[in-house]
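Chain by chain, the residues run as shown.
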Amino acid sequence: MNIHEYQARALLKAQGIPMLDGDVASTPTEAEAIARRLGGTVVIKAQVHAGGRGKAGGVKLARNPAEALDHASEILGMRIKGLEVHKVLVVPAAEIATESYVGLIMDRDSQRPVFMVSAAGGVDIEEVASTNPEKITRLPVDPTHGLFPHQSLALAFSLYRDFNQVKAAARIMEQLYAAFVANGCSLAEINPLVTTPDGRVLALDAKIVIDDNELFWRPDLGLLRDDTAEEPSEAAARRANLSFIKLEGNVGCVVNGAGLAMATMDLVKYYGGEPANFLDIGGSSSPEKVINALKIITADPRVKAILFNIFGGITRTDDVANGIVAATRQFKVGVPIVIRLTGTNEAEAIRILEAAGMTALSDMDEAVQRVVTLAREAA
Amino acid sequence: MSIFADARTRLVVQGITGREGSFHAKQMLEYGTNVVAGVTPGKGGQTFEGKVPIFNTVADAVAATGANCGVIYVPPMAAAGAVFEAADAGIPLIVCITEGIPVMHMSRVMPFVRNRGVRLIGPNCPGLITPGARAKVGIIPGNICAPGRVGMVSRSGTLTYEVVNHLTRSGIGQSTCVGIGGDPVIGTNFIDCLRAFQEDPETDAIVMIGEIGGTDEQKAAEFVSQHVTKPVVGFIAGQTAPKGRRMGHAGAIISGSSGTAEEKLAAFSAAGVGIMKRPADVIPLLRQRLRLK
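Residue numbers (this note's numbering), protein chains in the order written: chain W, 63 to 441; chain Y, 12 to 304.
Incorrect hints may appear among the rest.
As the list claims (entries may be wrong) - Calculated cross-link-like contacts (lysine-lysine; reagent style DSS-like; alpha-carbon spacing at most 27 Å):
| # | chain 1 | residue 1 | chain 2 | residue 2 |
| --- | --- | --- | --- | --- |
| 1 | Y | K230 | Y | K254 |
| 2 | W | K351 | Y | K37 |
| 3 | W | K197 | Y | K241 |
| 4 | Y | K241 | Y | K288 |
| 5 | Y | K37 | Y | K54 |
| 6 | W | K75 | W | K229 |
| 7 | Y | K254 | W | K331 |
| 8 | W | K357 | Y | K230 |
| 9 | W | K308 | Y | K288 |
| 10 | Y | K254 | W | K269 |
| 11 | W | K75 | W | K122 |
| 12 | W | K269 | W | K331 |
| 13 | W | K308 | Y | K254 |
| 14 | W | K331 | Y | K37 |
| 15 | W | K197 | W | K229 |
| 16 | W | K394 | W | K308 |
| 17 | W | K357 | W | K394 |
| 18 | Y | K288 | Y | K230 |
| 19 | W | K143 | Y | K37 |
| 20 | W | K269 | W | K117 |
| 21 | Y | K254 | W | K197 |
| 22 | Y | K254 | W | K117 |
Think of the hints as simulated: they come from the structure by calculation, not from any bench.
With the hints as constraints, model all of the structure from the sequences given.
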């Protein structure tokens with residue numbers, strides 16, 4: 063789960079990481095008031111889940127409260143990579159001597175949290191990683207023991223020579239690690255970590271991604287979710303406990319299991335169609351899940367045909383058949399449905415469908431070819 | 012032979028009285044798996060289905076029954092604890108079915124099981140099945156499998172069933188099918204399974220089902236080119252997946268430009284792995300490589 067910069071700042075600040083005072087505003091007048099309270103030049107920053115905010119005009123300097131009001135009016139409501147800006151962060155403009163990058167990610171290869179630290183900061187770290195990998199110091203942390211003092215010092219020494227700054231940065235490394243663990247992060251990043259002309263070390267921007275699997279037992283973290291930053295159909299699917307991702311095509315897909323759902327999308331493409339979505343209805347599929355899935359898919363006017371691809375292992379295919387029949391009685395689907403089901407309780411499922419005037423195929427390739435043809439004819 | 016699970020498997024089911032655990036314990040018993048014990052704290056002394064003794068702890072179960080394999084069906088927040096418990100009780104093979112375990116929990120589990128020489132399969136996996144020995148550890152439907160000499164390893168559940176179903180219907184049986192799981196941090200990876208299948212005298216060919224995200228398939232391809240002499244065919248799910256989105260499985264995500272299907276298929280190609288463009292291709296590819304009719 064992505065959270066906004068202002069929320070990430072709060073989580074880092076709670077661990078004691080030094081940063082400039084600032085606040086978040088939802089209206090231009092709120093932004094003006096914050097700028098007045100902070101005094102001096104401030105930065106107005108759009109709060110959206112998208113990179114490249116600066117280039118898109120979502121980050122602006124304001125020399126006084128009146129300018130803060132103007133810039134906040136421009137930025138609030140603008141769209142960056144399709145996402146509308148609902149909030150701006152107002153922070154004092156820092157005087158910067160040096161900029162560095164400090165990131166902590168959950169690394170798949172080492173199966174541990176890994177620090178990535180670079181004196182080449184304030185830039186796209188992925189670009190540095192591919193063009194100048196030697197400029198990045200990597201340090202895996204054994205989560206059983208946590209970050210050792212000598213490790214945080216070594217990371218800090220890779221950034222600074224001044225020992226006071228080294229000590230300050232080492233402390234920030236420890237605090238970042240503590241924030242990472244405390245909030246179940248898969249990524250926690252300070253970019254840039256700056257030094258000021260008077261020698262202080264400060265976090266200027268923060269980014270945090272929270273492991274979705276933590277949310278179940280950490281409702282406090284779940285509260286940080288911004289529903290408005292999501293595609294509405296995806297937010298609706300999440301509330302219905304469906305794993306759904308919206309795509310651009312016209313063939314709606316309802317599948318059980320993530321791997322089979324991806325393979326189904328791929329097969330739609332293979333036979334010349336375009337999938338409209340990824341959707342995994344999960345293992346134990348109640349008829350209600352099927353109804354919700356159909357509602358979400360048919361809300362998209364681009365969808366011209368829908369494919370059910372169900373391999374009954376734990377999923378009972380008769381449950382899915384009941385769901386399809388109930389859904390078509392509850393509301394008008396409006397586009398043709400192709401059903402492929404095989405496995406657990408298949409005979410019962412076919413009986414349920416046939417009683418409602420529907421048929422089912424047992425072969426995946428045949429079903430995908432048929433739905434692609436139907437979508438093409440309707441388009 | 013086969014790999015990991017066979018006729019000598021003596022299984023303890025952790026979470027045997029829960030909704031998922033009891034359903035699948037019954038299925039495993041029906042299939043013929045030697046389920047020797049169940050564990051649910053507080054229910055020690057009871058029996059499951061009138062025949063499987065239930066214990067309060069895995070250590071008690073091991074002491075009383077000689078269990079040598081554990082399968083975990085406990086909820087996400089208790090699952091890492093269940094792995095620690097099984098490893099601590101000396102279980103050498105632990106299969107964790109549970110989906111939704113925080114990655115940080117798994118990051119702490121892995122050094123612990125490694126230091127004890129324990130093999131962990133999963134989490135977020137369907138487990139494994141050796142049809143020839145009637146040994147099923149997990150949730151793979153037994154009725155779609157048949158005994159034979161093709162080894163399968165996969166990051167997915169239902170997609171595995173789809174491919175196994177093609178094999179069985181075409182008369183191609185399986186030595187062992189292993190689901191290694193869809194999470195970013197897992198115990199047993201492709202290479203572990205490839206090595207075991209290569210060494211297994213009862214496996215003639217290997218089917219590898221991967222997906223987008225991470226570099227496990229790329230490393231597996233490298234391993235195939237250096238150490239595997241048996242024919243290998245492979246599939247990668249997620250060729251149409253957008254970047255940066257988690258496709259159901261926590262591990263199925265293209266980060267930046269790394270972990271794409273193209274990159275994995277190119278690695279397969281370079282290693283001589285037969286590429287399945289769609290699940291049904293498994294049949295002609297295996298027939299060709301095994302010179303079957």
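Against the structure, the hints:
no.	hint	in the structure
1	Y:K230 - Y:K254	holds, 21 Å
2	W:K351 - Y:K37	holds, 26 Å
3	W:K197 - Y:K241	violated, 42 Å
4	Y:K241 - Y:K288	holds, 20 Å
5	Y:K37 - Y:K54	holds, 18 Å
6	W:K75 - W:K229	holds, 18 Å
7	Y:K254 - W:K331	holds, 17 Å
8	W:K357 - Y:K230	violated, 41 Å
9	W:K308 - Y:K288	holds, 24 Å
10	Y:K254 - W:K269	holds, 19 Å
11	W:K75 - W:K122	holds, 23 Å
12	W:K269 - W:K331	violated, 35 Å
13	W:K308 - Y:K254	holds, 13 Å
14	W:K331 - Y:K37	violated, 40 Å
15	W:K197 - W:K229	holds, 21 Å
16	W:K394 - W:K308	holds, 21 Å
17	W:K357 - W:K394	holds, 10 Å
18	Y:K288 - Y:K230	holds, 20 Å
19	W:K143 - Y:K37	violated, 51 Å
20	W:K269 - W:K117	holds, 18 Å
21	Y:K254 - W:K197	holds, 26 Å
22	Y:K254 - W:K117	holds, 21 Å
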